[in-house]
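Protein chains in written order, with numbering that gives the first Met the number 0: chain A, 0 to 185; chain B, 0 to 328.
Since the hints were derived computationally from the structure, they do not count as laboratory data. We treat Cβ as the ideally placed atom computed from N, Cα and C, and that holds for glycine. The reader is advised that the hints may include incorrect statements.
EDC-like mimics (lysine to aspartate or glutamate), calculated; alpha carbons at most 16 Å apart, straight line [to be verified]:
1. B:K248 - B:E271
2. B:K31 - B:D71
3. A:K156 - B:E243
4. A:K62 - A:D10
5. A:K62 - A:E11
6. A:K158 - B:E275
7. B:K31 - B:E122
8. A:K123 - A:D87
9. A:K158 - A:E129
10. A:K156 - A:E180
11. A:K123 - B:D37
12. A:K156 - B:E271
13. A:K158 - B:E122
14. A:K62 - A:E102
15. A:K123 - A:D45
16. A:K62 - A:D45
17. A:K156 - B:E275
18. A:K62 - A:E107
Residues from chain B shown here face chain A by an in silico Cβ test under 8 Å; the list is partial [as the list claims (entries may be wrong)]:
19. L28
20. L32
21. D34
22. K312
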Amino acid sequence: MDVTNLESVRDEDFIHAVMEESGQDLTHCYQCGNCTAGCPCGFAYDIQVSQIMRNLQAGRKDKILNSRSIWLCLSCSSCTTRCPNNIDVARVMDVLRHIARREGRVAEKGVTTFWDAFLASVRKHGRVYELGVVANYVARTGRVWTDIDLLPRIAPKGKLSPMPHGIRGRDEIARIFQRYEEERTR
Amino acid sequence: MNLAYYPGCSGLGTSREYERSTRAACAALGVKLTDIPDWSCCGSTPAHALEHALSGALSARNLVGAARAGCDTVATPCPSCLSNLKTARHRMADTAFRARVGRLLDQPADELAALPDVQSVLETLVTRVGLDAIRARVRQPLAGLRVAPYYGCIMTRPADVMRFDDPENPTSMDDLLTALGAEVVPFPYKVECCGASYGVTRRDIVARLSGRLLGAARDAGAHAVVVACPLCQMNLDLRQSQVEWPGGKAVDMPVFYFTQLLGRALGVPDAELGLEQLCVDPAIAFRRAAQVVAARQAEEAAQAAKAAAQAAKAAQAKQAAAANEGGRA
Ligand code: SF4
Ligand code: SF4
Ligand code: SF4
Ligand code: SF4
Numbered sequence: 000m001d002v003t004n005l006e007s008v009r010d011e012d013f014i015h016a017v018m019e020e021s022g023q024d025l026t027h028c029y030q031c032g033n034c035t036a037g038c039p040c041g042f043a044y045d046i047q048v049s050q051i052m053r054n055l056q057a058g059r060k061d062k063i064l065n066s067r068s069i070w071l072c073l074s075c076s077s078c079t080t081r082c083p084n085n086i087d088v089a090r091v092m093d094v095l096r097h098i099a100r101r102e103g104r105v106a107e108k109g110v111t112t113f114w115d116a117f118l119a120s121v122r123k124h125g126r127v128y129e130l131g132v133v134a135n136y137v138a139r140t141g142r143v144w145t146d147i148d149l150l151p152r153i154a155p156k157g158k159l160s161p162m163p164h165g166i167r168g169r170d171e172i173a174r175i176f177q178r179y180e181e182e183r184t185r
Numbered sequence: 000m001n002l003a004y005y006p007g008c009s010g011l012g013t014s015r016e017y018e019r020s021t022r023a024a025c026a027a028l029g030v031k032l033t034d035i036p037d038w039s040c041c042g043s044t045p046a047h048a049l050e051h052a053l054s055g056a057l058s059a060r061n062l063v064g065a066a067r068a069g070c071d072t073v074a075t076p077c078p079s080c081l082s083n084l085k086t087a088r089h090r091m092a093d094t095a096f097r098a099r100v101g102r103l104l105d106q107p108a109d110e111l112a113a114l115p116d117v118q119s120v121l122e123t124l125v126t127r128v129g130l131d132a133i134r135a136r137v138r139q140p141l142a143g144l145r146v147a148p149y150y151g152c153i154m155t156r157p158a159d160v161m162r163f164d165d166p167e168n169p170t171s172m173d174d175l176l177t178a179l180g181a182e183v184v185p186f187p188y189k190v191e192c193c194g195a196s197y198g199v200t201r202r203d204i205v206a207r208l209s210g211r212l213l214g215a216a217r218d219a220g221a222h223a224v225v226v227a228c229p230l231c232q233m234n235l236d237l238r239q240s241q242v243e244w245p246g247g248k249a250v251d252m253p254v255f256y257f258t259q260l261l262g263r264a265l266g267v268p269d270a271e272l273g274l275e276q277l278c279v280d281p282a283i284a285f286r287r288a289a290q291v292v293a294a295r296q297a298e299e300a301a302q303a304a305k306a307a308a309q310a311a312k313a314a315q316a317k318q319a320a321a322a323n324e325g326g327r328a
């Protein structure tokens, strides 16, 4: 039997950080399960979203931040829309990703690698360059490109630009990222 | 009221046909779009999943650009851009958040206090132009075309930020398509998520969620799905070859941007609407619609013939009766 001493794992600082950063009162959750019932991605989660809420109340930081679920959440806001206690659950999920990233804990590396490739493109060009993001992602993960089957479908449509669309204010965008990084490391 | 336009990055790439048809349809309806000068990416999910102030700064730069161009409203075709721009503006009411975003930007923080309003192009069309005006300009009604309107998960949610239509059962696109002469089928998955950008990283998730949507459209008898989101469109159309069809029965389901059908109904030439840039051949849907119309006409003709035959028979009977009467008299 999986017996857990709630007191020993209860991380008060973590609870406060999540409440503060999300602006949501976690104590309002009464475990009705509506969020889980409507979550489109529950089939792929290791911990259902309502269980994440319960574990949050109990301050079980490791269990939550090491979960796959927080990376697979699609940010669809179904949970937020259906919570009878008006908790912005999707925002809580967002904040859990922020905290996990700060602590360098990522259970679904592919997801953050893709996001990083995306943001690297924005930082460089000011706008996303789709082919560049995919190429960067494939290079970073060292995987074979699993979407090769789509190439004959999309290539003849003349939609994929061979070149990025850089903007005049590129440096301005780069400075946003730079200041963000400086703030983070301070 | 000056309207600024924020095209979004995918309009330069995978959703070119959305971009083209949006501009063509707006031009046909006399809606003037002023591009935000030197607009930049909103950062989408990768930014808000990393940090809210970073996401806010990437969005706010564009809103400041629109305000400086003298615009009080920004319209965007992409629901993901819409969500980010709206969320940024919404959060700017919090002075501490505003100050944090201000520290990341070149632009002075005081410009963040009064940012332009943000709306989807769909909202612009149904509220500024209005359904009656649109209906009056339809040249080529979408007769016989059965469509499943798919709004995507974020255009209306969360409700307190998006403030447009019903969060769980939106009807604006249904009404627009009906005004164009199409037939809207009952579609219960209007706002259920398609799997977002996980096609690249976790294809199984998109295969399942998008498959469920396409299966529901198939089962409802739709000839096509109609969308308002570049990523939804890509998942349902380009990735249609990868989805898990419920019950295993795959069909060819064309997936239009609503602006393409709007343009078509308004009489905009197909070449300006990018129909050839869709993966699943749109002609499949138009053919099926034409079959419905033809079947309906045949049915009507048969009804008319039947009515005529009945009338003739009745007339004959009357004549015979009259002759009988006459004979007896
Ligand atoms: S819907 Fe709200 S109250 Fe119900 S379990 Fe989820 S978070 Fe808790
Ligand atoms: S936002 Fe995330 S957790 Fe909430 S319902 Fe959508 S996928 Fe599930
Ligand atoms: S949501 Fe997508 S398309 Fe829109 S600006 Fe952001 S990245 Fe570009
Ligand atoms: S692409 Fe999917 S995730 Fe994005 S709005 Fe459309 S439904 Fe939602």
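Check: Which of the listed hints are not met by the structure?
Finding: 1, 3, 8, 10, 13, 15, 19, 20, 21, 22
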